[in-house]
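Asks: Chain by chain, the residues run as shown.
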Amino acid sequence: MAELDTSGGGGKKGKKVRSKKQSTRVDLTAMVDLAFLLITFFMLTTSLQKPQAMDLAMPDKDKNNKDAELAVKESRTMTVVLGSNNKLEWYLGLLDKPLEGPTVTDYARDGIRKVLIEKNKAVLAQGGAKNNGLFVIIKPSDKSNYKNFVDILDEMKIVNIQSYGVSNDIFKPEIDLLKKDNLY
Amino acid sequence: MPRVKVKRQSTVTDMTAMCDVAFLLLTFFILTAKFKPDDPLPIDIPASTVQIKVPENNLATLSIVKGRVLFGMSDDDVRGATLDKMGKQYNISFTPEEKKRFSGIDAFGVPIKDLKAFIAANGEERKKMIPGVPVDSTNNELNQWLLQARYATKELHNKDMRVTLKGDNKEEYPTVKKVIETLQDQKINKFSMITSLRVVK
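In the order they appear, the protein sequences are chains A and B.
Counted from 1, the first sequence has number 184 at position 184 by this note's numbering; the numbering is strictly sequential.
Counted from 1, the second sequence has number 269 at position 85 by this note's numbering; the numbering is strictly sequential.
Just so you know, the hints here were simulated from the structure itself, not pulled from any lab data.
All figures in this text were calculated on a predicted structure; none of them were measured in a lab.
Incorrect hints may appear among the rest.
What the hints assert, rightly or not - Keeping only pairs whose Cα atoms sit at most 30 Å apart, straight-line, the calculated DSSO-like set for lysine-lysine is: (1) B:K283 to A:K147; (2) B:K354 to A:K157; (3) B:K338 to B:K354; (4) B:K191 to A:K180; (5) A:K143 to B:K272; (6) A:K147 to B:K191; (7) B:K191 to A:K21; (8) B:K354 to A:K143; (9) B:K191 to A:K114.
Claimed, not checked - Covered, in the sense of this in silico footprint (three residues per stretch, anywhere, with C-beta under 8 Å from a C-beta of chain B), are these stretches of chain A: (10) 38 to 46; (11) 51 to 60; (12) 85 to 99; (13) 144 to 156.
Cβ coordinates follow ideal geometry from the N, Cα and C atoms, glycine included.
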C-alpha cells in the first residue's frame with residue numbers, strides 16, 4: 001500500500017508507468033465487533049434499568065373523620081409490628097388478650113409468609129360470604145428500616161392478602177413488647 | 185502428470201451488510217435508551233416482586249436517603265413552573281436564567297433559601313450540597329414543593345401528578361414516616377414506591 005516503488009527506473013523504457021490499482025476492500029471485522037458490543041450494552045441497559053413501582057394506599061388522615069374507622073372482628077385481625085434487626089413480631093386479636101402470639105419471626109420464606117398463608121387460610125375457612133380473609137395491620141416501629149417496610153408490603157402481595165393497612169401510630173404496649181424481645 | 189490443485193477458497197467475507205445492520209440497530213438503541221438520572225446520593229433501592237413499571241411523566245420522586253429528603257420532578261416545564269410558584273410563595277425572585285438551569289436539575293435536596301446558590305453551582309459542587317429538603321412540622325417545605333408541583337402539573341399537562349417514594353434499604357422508618365405523613369396531609373393517600381425486581385432464588 002503505502003510503499004515507494006524502489007524497483008528502479010530503467011529497464012522498460014517507453015512504457016507508461018502505471019499506478020497500481022488499490023483495493024477498495026476494508027477489513028470490517030473490528031468495526032462489526034465493536035458495533036455488536038455496543039448493541040449488546042444498550043440492549044441490556046435499556047431493558048433492565050426500568051424500576052418497578054409498588055403502589056401503596058394509605059388510609060385517609062382526615063382529623064374530622066374519626067367515625068369512619070372500620071370495626072373488624074378480632075379473630076381476623078393480625079397485627080404485625082416491625083422491629084429492629086430485620087425481625088418482626090405478630091399477634092392475632094388484641095394485644096391485651098391476644099388470641100395467638102405475640103411471636104417473633106423474620107422476613108424469610110419460612111418466617112412471616114408461612115404464618116400469613118396459614119392464618120389467611122384459617123380465616124377464609126371459618127368465615128362466611130362477607131369474610132374477606134385476614135386483615136393485617138402493619139405497624140412499623142421507629143427502629144425498623146425502609147427495606148423491612150417494603151418487604152412486608154411485598155409479602156402482602158405474594159400471599160395475596162386483600163385487606164391490609166399501614167398504621168403509623170404505634171402504641172406504647174407494642175413498643176414495650178419489642179423492647180422485651182430486644183427488637184427496639 | 186500435473187497434480188490437480190484444489191482451489192483455495194477465500195476466507196474473506198463481505199461484511200458490509202452485517203455492518204450496516206449492526207449500526208442501524210446501534211443507532212436505534214442509542215436513541216431509545218433512557219438512562220436513569222444520576223442520583224445525587226447513591227440509593228440502594230429495595231427489591232420486590234411487583235412488576236408494574238414506573239410511569240415516565242407527571243411524576244414527582246421523593247428520594248429518602250440518610251435521613252434526608254430529595255425532591256425531583258420528571259418534566260422540565262413543570263420544574264420551571266414549580267420554581268416560579270415557589271418563588272412567589274417564599275418571596276424569592278428567580279431570573280429566567282436560573283429557571284432554565286433549574287429545569288435541567290433532576291433532583292435537589294436544599295432548603296429554598298439555599299436554592300439560588302444550588303442553581304448557580306456546577307455539577308460537582310451540587311453533589312456536596314444536599315442537606316435535604318426540610319420536612320419538619322415547623323418548616324415543611326416539602327409540603328409546599330409537592331403542592332406547587334401538583335398545581336403546575338395540572339395546569340401544564342392537565343394530569344394528576346403521581347408521587348413515588350424512592351428510599352434506601354437502610355433508611356430508618358422515622359424519616360419515611362415524616363414523608364408519608366406529609367403526603368397524607370395533602371390527601372395524597374395513594375403513591376408508589378420504587379423497587380427493583382427481586383431475583384427469584
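Asks: Hint by hint, say whether it matches the structure.
Replies: Going through the hints against the structure:
For the hint linking K283 (chain B) to K147 (chain A), the alpha-carbon distance of about 36 Å lies beyond 30 Å, and the restraint is violated. For the suggested pair K354 (chain B) and K157 (chain A), the alpha carbons sit about 22 Å apart, so the restraint of at most 30 Å is met. The hinted pair formed by K338 (chain B) and K354 (chain B) fails the criterion: a straight-line CA distance of about 34 Å is larger than 30 Å. For the given pair, K191 (chain B) sits about 88 Å from K180 (chain A) by alpha-carbon distance, which is inconsistent with the 30 Å threshold.
Distance restraint check for K143 (chain A) and K272 (chain B): the Cα-Cα separation of roughly 39 Å exceeds the 30 Å cut-off, and the hinted pair is therefore not satisfied. At roughly 69 Å between alpha-carbon atoms, K147 (chain A) and K191 (chain B) are farther apart than 30 Å, so this suggested pair is violated. Between the alpha carbons of K191 (chain B) and K21 (chain A) the distance comes to roughly 24 Å, so the proposed pair stays at or under 30 Å and holds. At roughly 11 Å between alpha-carbon atoms, K354 (chain B) and K143 (chain A) fall within 30 Å of each other, so this suggested pair holds.
For a cut-off of 30 Å, the pair hint linking K191 (chain B) to K114 (chain A) is broken: about 72 Å separates their Cα positions. Look at the stretch 38 to 46 of chain A against chain B: 6 of its residues bring a Cβ nearer than 8 Å to a Cβ of that chain, three or more, so the hint holds. As drawn, the stretch 51 to 60 of chain A meets chain B at 10 residues by the rule of a beta-carbon pair under 8 Å; at three or more, the given contact holds. Here's how the stretch 85 to 99 of chain A fares: 0 of its residues keep a CB closer than 8 Å to some CB of chain B, so the rule of at least three is not met and the hint is violated.
Under the rule that three or more residues need a Cβ within less than 8 Å of chain B, the assignment of the stretch 144 to 156 of chain A holds, with 10 such residues.
In this structure, the hints that do not hold are numbers 1, 3, 4, 5, 6, 9 and 12, in rising order.
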